[in-house]
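**Q** Take the given structure of chain A and dock chain B to it, following the hints.
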Amino acid sequence: MNTSAPSMTASQDNGGQTRALLFALLPVAAVAILPLLPFVNDYIIAATVRALIFISLGQAWNVVAGIGGLLSLGHGVFLGLGCYTTGILFNHYGIPPWIGVWAGAGMAAIFALVMGSMTLRMRGVFFALATVAMSLAMVQLTRHFVDLTGGSDGLALKFNGNSWWAMQARTPMPFLYGGLVLVIVFYAITRWILGSKLGLEMQAVRDDETAAAAAGVSVFRTKLTGLMLSAVMTAVAGTLYMQFYMAIDPDAAFGLSQAIQLQLPALLGGLGTAWGPIVGGALMIFLSEVTNLGATKLEINGLDILVYGIMLLFVVLRAPKGIVGFFMDRRRGR
Amino acid sequence: MGGIEGFIFLALQAIVSGILVGGVYGILSVGLSLAFGVMRIVNFAHGELVMYGMYAGVVASKTFGIDPLLILPVSFLIMALIGIAQYQIVFRHFVGHATLQQLLAAIGCALVLQMIAQIVFGADARTATSIFSGQYTLLGPLFLSQAQIVAFIIAVAATVAVTVLLRSTAWGKAVRAVADDLEAAEIVGINSRTINIMAFGLSAGLAGLAGTVLVTYFPTSPSSGFALMPIIIIATTIGGLGSIGGTFLGGIACGVIQQLTAILWNSALQDVPLYILLMLFIAYRPTGFFGKRSE
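Residue numbers (the numbering used here), protein chains in the order written: chain A, 1 to 334; chain B, 1 to 295.
So that you can see chain A by itself, here it is in the shape it has in the complex:
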């Protein structure tokens, strides 16, 4: 069994619980006071926002892949639905992202329902292949419906300057707090799922589908609920992505390299743990910033993707439980 819920170690005694809470508040405080520090400029804040967005996206993927064990390679679909729905509603109809975010989440839920109903009865590989096909079909469809989506050029949000109503800002600072709230909420959701009946059922299905079914778990419904939950979370994070980047194009939304960026935080940090995507997402953005600096100096394009590939191989071959899993094993003295 590799059900490595962090709550199991943290809730053994009250002292441990307090320590865990302090441990959790430390990074939150660090991000919150970041803009006040003297050496911090907009570049560092923007990088931190990127990290927060990818932590959120990674946390959403973690729900379906880490807790549920379903390898969705097409989570870009849900990110794209979040981005495009918010953007199209704002640009064409003047509907603010505060409402668009729920429309995007609804679209993602419906999409996940349809896609899940067709593919979730299949095991592993076939589900993964179906999700790939889904995102590639989305690339072609968004390219085709130019009037709505802007086609291959992508969709750029109309800029209103600083505006609460339009969820836009000239500086990255507001997104720092928006992203921080999202990360905390998603962390709380993941913790809740891990401890809930749904989460236990998802983990049971992940570890042994046949045994779970024998124990009375409705395998298909559990998978579908997990997928829909994860899709909604991804689309919500997608809205923040759209408001921060101000533009989206078919490859950035549905491309395979974007899908991999959604997965790396959870994979690096540790699949199925609430802390994994947070640790992994921070590490991923840090490493990609460093490589991009190096790549600009050396004038090599795409070095960050090479580093992602090497990270992915390293994690899968050498540290399948990620960083968090590695340290939890050590704490248990294994």
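Hints are computed from structural coordinates only; laboratory data are not their basis. For clarity, every value in this text was computed on a predicted model and none was experimentally measured. Note that beta-carbon positions come from the ideal geometry of N, C-alpha and C, so glycine has one too. Be aware that one or more of the hints could be misleading.
Quick list of simulated restraints, FRET-style, between CB atoms [to be verified]:
1) A85(B) <-> W102(A): 47 to 53 Å
2) I44(A) <-> I131(B): 56 to 62 Å
3) R285(B) <-> V114(A): 16 to 22 Å
Rough simulated footprint, nothing fancy, chain A against chain B, three-plus residues with beta-carbon under 8 Å [what the hints assert, rightly or not]:
4) 111-120
5) 227-236
6) 267-275
Residues from chain A that keep clear of chain B, each with C-beta distances beyond 12 Å, as calculated [stated by the list, open to error]:
7) A29
8) K158
9) I184
10) S196
11) S218
12) S257
13) A259
14) A282
15) E289
16) V315
**A** For chain B alone, coordinates are given in the frame of chain A:
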């Protein structure tokens, strides 16, 4: 020509060129199917091996002035060696289980191979020319590319060769034994490790050969591997993961559907029916037309 005659002509043109293109899709996919059939490995980096095969053709044609079709054996051997390296470093840990970890490792391989190609060859699209490139033949009313005809013939020949190799040689028998029941094969004295290495080498070699054939009429860039993967996956799924002949026919089906969509409807949406077909196959017939029960 009247409306209905014009339509029939266009449909015929689409079907014939679809079969030609599809044959090459078939040989692109046969290697993937073989690796899955024998080792339950879904090599997401298969497209990258094809892409390196394409670059082998480019280097032969542009750097050495040799016709890409003459270096097919070389291309096969180089990719087979790269494939064996890939197997030894990554895939031997995952033999027998197409798990989440295995797919992720394959994607990691794909990213690394793609970026190495970009660093070595640059991001621009490159072409190679064989003596058939850019030559066309009129067959009755049909307008056909000679490079595509030659590519189709090579694809058929290679698929037949692999089928004969697997069906009629002692080595092929051993491969099929390992695929059917690994433990039983080991009991009767088959070294499954060697068999797996060689089968994976064959899978990768076929990818390289297919790439070199393809590049005689289709330009390559570092992202070609990712771009080809959907077609490869669809051909394999329709035909049946693990079935060589089925996969080849799956490739032809893909080619025909794609060309019919492009010519009769809209070339920008030529792949959409294929994706829908893939979803339907995954939902209702995941073993394809010719595949065995695969999990």
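**Q** For each hint, tell me whether it holds in the structure or not.
**A** Hints versus structure:
Checking the proposed 47 to 53 Å range against A85(B) and W102(A) shows it holds: the Cβ atoms sit about 50 Å from each other. Hint check: I44(A) to I131(B), Cβ distance near 58 Å, so the stated range 56 to 62 Å holds. Taking 16 to 22 Å as the suggested C-beta distance range, the pair R285(B) and V114(A) conforms, at roughly 19 Å. Counting residues of the region 111-120 of chain B whose beta carbon lies closer than 8 Å to any beta carbon of chain A gives 7, which meets the minimum of three for the stated coverage.
With 4 residues having a beta carbon nearer than 8 Å to a beta carbon of chain A, the region 227-236 of chain B meets the requirement of three or more and the stated coverage holds. Chain A is given as covering the region 267-275 of chain B, and this holds because 5 residues of the stretch bring a CB closer than 8 Å to a CB of that chain, at least three being needed. With 12 Å as the threshold on Cβ separation, the claim that A29(A) sits away from chain B holds: the shortest Cβ distance comes to roughly 34 Å. Every Cβ of chain B is farther than 12 Å from the Cβ of K158(A); the closest lies at roughly 27 Å, confirming the non-interface assignment.
For I184(A), the shortest C-beta to C-beta distance to chain B comes to about 28 Å, beyond the 12 Å cut-off, and the non-interface label holds. Listed as a non-interface residue, S196(A) keeps its Cβ farther than 12 Å from every Cβ of chain B; the least gap is roughly 23 Å. Annotated as non-interface, S218(A) keeps its C-beta farther than 12 Å from every C-beta of chain B; the closest such distance is 19 Å. Against chain B, the non-interface label of S257(A) is violated: not every CB pair exceeds 12 Å, the least being about 7 Å.
Separation of A259(A) from chain B is inadequate, the least Cβ-Cβ distance of about 9 Å not exceeding the 12 Å criterion. Listed as outside the interface, A282(A) is consistent with that label: its C-beta sits roughly 20 Å from the nearest C-beta of chain B, beyond the 12 Å cut-off. At the 12 Å boundary, the C-beta of E289(A) stays outside the reach of chain B, the nearest C-beta of that chain being 18 Å off. Separation of V315(A) from chain B is inadequate, the least Cβ-Cβ distance of about 8 Å not exceeding the 12 Å criterion.
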